[in-house]
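Taking the hints into account, I'd like the entire structure generated from these sequences.
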Amino acid sequence: MSRPRPTPLVAVLSEQVRAVGLSLRPGAALLAAVLALVTGVGASTALGAGQPLDFPDEARLLIGALGFLLPFAVWRGEKLFAGAWLWTLPVERRTHVLAKVAAGWVWLMLAVGLVVAWLAGLALGTGGELVATATGTIADAHGRITAVRWTEPAWGLAAPFTIATIGYLVVSALVVGLKRPLWWIAGGFLAACVLIEVLDADLPPARVLLAPFGFVLPNLAWWAAATAAWTSLGLLAVWLAASRHREG
Amino acid sequence: MLPTSLGEGPFAVATQGLTKRYAREPALNGVDLQIPEGAVYVLAGPNGAGKSTLIRSLLGLARPDAGRATVLGLDPRTSGPEVRARTGYVPEGAGGAYGWMRVGRLLQHHAAYYATWDRDYAGRLSRALDVRPERRVGALSKGQVRRLQLVLALAHRPSLLLLDEPTDGLDPAARDEALGLLSEHLADTGGSVLISTHLPHEVDGLADHLGVLRGGRLVAQAPRERLERMLRVYRAEGPDGWVGPEDLSGVIDRRAGVGRELRWTVWGEEGEVVARIAASGGAVRDVARLPFEDSVLALLRAKEAS
Numbered sequence: 001m002s003r004p005r006p007t008p009l010v011a012v013l014s015e016q017v018r019a020v021g022l023s024l025r026p027g028a029a030l031l032a033a034v035l036a037l038v039t040g041v042g043a044s045t046a047l048g049a050g051q052p053l054d055f056p057d058e059a060r061l062l063i064g065a066l067g068f069l070l071p072f073a074v075w076r077g078e079k080l081f082a083g084a085w086l087w088t089l090p091v092e093r094r095t096h097v098l099a100k101v102a103a104g105w106v107w108l109m110l111a112v113g114l115v116v117a118w119l120a121g122l123a124l125g126t127g128g129e130l131v132a133t134a135t136g137t138i139a140d141a142h143g144r145i146t147a148v149r150w151t152e153p154a155w156g157l158a159a160p161f162t163i164a165t166i167g168y169l170v171v172s173a174l175v176v177g178l179k180r181p182l183w184w185i186a187g188g189f190l191a192a193c194v195l196i197e198v199l200d201a202d203l204p205p206a207r208v209l210l211a212p213f214g215f216v217l218p219n220l221a222w223w224a225a226a227t228a229a230w231t232s233l234g235l236l237a238v239w240l241a242a243s244r245h246r247e248g
Numbered sequence: 001m002l003p004t005s006l007g008e009g010p011f012a013v014a015t016q017g018l019t020k021r022y023a024r025e026p027a028l029n030g031v032d033l034q035i036p037e038g039a040v041y042v043l044a045g046p047n048g049a050g051k052s053t054l055i056r057s058l059l060g061l062a063r064p065d066a067g068r069a070t071v072l073g074l075d076p077r078t079s080g081p082e083v084r085a086r087t088g089y090v091p092e093g094a095g096g097a098y099g100w101m102r103v104g105r106l107l108q109h110h111a112a113y114y115a116t117w118d119r120d121y122a123g124r125l126s127r128a129l130d131v132r133p134e135r136r137v138g139a140l141s142k143g144q145v146r147r148l149q150l151v152l153a154l155a156h157r158p159s160l161l162l163l164d165e166p167t168d169g170l171d172p173a174a175r176d177e178a179l180g181l182l183s184e185h186l187a188d189t190g191g192s193v194l195i196s197t198h199l200p201h202e203v204d205g206l207a208d209h210l211g212v213l214r215g216g217r218l219v220a221q222a223p224r225e226r227l228e229r230m231l232r233v234y235r236a237e238g239p240d241g242w243v244g245p246e247d248l249s250g251v252i253d254r255r256a257g258v259g260r261e262l263r264w265t266v267w268g269e270e271g272e273v274v275a276r277i278a279a280s281g282g283a284v285r286d287v288a289r290l291p292f293e294d295s296v297l298a299l300l301r302a303k304e305a306s
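Chains A and B, in that order, give the protein sequences. When we follow the numbering used here, the leftmost residue of the first sequence carries the number 1, and every step to the right adds one. When we follow the numbering used here, the leftmost residue of the second sequence carries the number 1, and every step to the right adds one.
Any given hint might turn out to be false.
[What the hints assert, rightly or not] Footprint (simulated), chain A over chain B, 3 or more residues, beta carbon under 8 Å:
(1) 19 to 31
(2) 71 to 80
(3) 86 to 93
(4) 100 to 111
No wet-lab data here; the hints were simulated from the structure. Beta carbons: idealized from backbone N, C-alpha and C, even for Gly.
What follows is the structure, given as structure tokens:
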């Protein structure tokens, strides 16, 4: 018989992937049913009207939103600040937290991939477009109005994965690191609104979504830089949150 | 007055001055626990005495504010995962595990974490304790969860068991079965076990060492054989107005009996105590050994008296 030792990281990761997958199964089934219903109705309506079904531009943010919700499902039932079951197992606690976060991310990427593939399949199958083309008007510095035609870059298809990843990391950090994450999230949102209002009444809240670190970015380089910065920040936050539970 | 040290080791578990506070309330106050290798050590004490905190400190699940612990030669503060790999743990209460999981899957989950997990043994334990793999953990009763926790604690054949109120919620038949399996496990592995309980009579048959914890302090600890030899009730009679020996040491309890009879519960050598009583003018009528549970009660009273 082998000498008892802490569980190797590979074994922890693979078991966490299996266990987290099991715990997410009911939610995933519900999500799949809703997605099938919504897209089915949309597809039949569009095809009935003889129109192709494009890959919906707004779906990227919606799919990305999965990442903001998933941490609550991954950590459901784990009382991290009150004798979690997880802590009784022979794994260094911070490592265990990180392994579980990683396991959730694996399933998140799979879910996002499946949803994107499903919507892309629908778009291609009905003769629609994967990247949206839009027309609109912009005003220059002198107030002159110009009509523009905007085609979403192809790399924008990666946005659901990156938005979901960043959201997942940030919310995971809150869920893991705080005793009452929902209170903090609600409080933080309120505080941000008040701060924006007090500091600069003219500042549109949507400004935070723009370049250089927002979601709406003009080119691949800016997008890659913003994604790397936010992902790094998310990873750091998860590390710090997990460190609250370290051994010793 | 009461014994608080078991002398030289080797010890499976030893703590020195272990102290833990929650807010400003001390949960553990300078505890020097000693569990000899191969011992079945019953840690008795009322609810809130600090038993669970002590066990959690031994596993590295609670950080002591002072003092140190050694578990199987390791410091749980720096080697928590190693300690937990070699320890079977039944936590206090029935909650904690994943309620959404089926019992069979939870067993698999644990198996993945322990290289020494013995599937055949786990199956045998499950059958003996009537742990059904198809049931959902969240739907189990308190007693069923306890039985499942015992399977999880034993199936990786650990050399140390830390069982926090393991018989809590078990009916008498299940309790007997569980204690029988525990005996088998100890016979097979030669390991050590710490059983915390506030109902010591339930584990009377297994115990070979006793520790009594009250208000975060370890009031006494001793091998059972010494406990039975040293802790006795003395019944004596004397002339009118007789109050017994004034400076009898080791007195835990003194009560007036029927008529001119006095009763003492004393920790001491029987011959010496009898001689002291006789020297004070009394005649010892009876010397009785205390049952295990009464010994615990007597030691708890001793703390109250002090």
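Verification of the supplied hints:
1. 19 to 31: The restraint on the segment 19 to 31 of chain B is violated, since only 0 of its residues have a Cβ under 8 Å from chain A and three are required.
2. 71 to 80: It holds, with 3 qualifying residues against the three required.
3. 86 to 93: holds (count 3)
4. 100 to 111: holds (count 5)
This entry does not satisfy hint 1, going by the numbered hints stated previously; all others are met.
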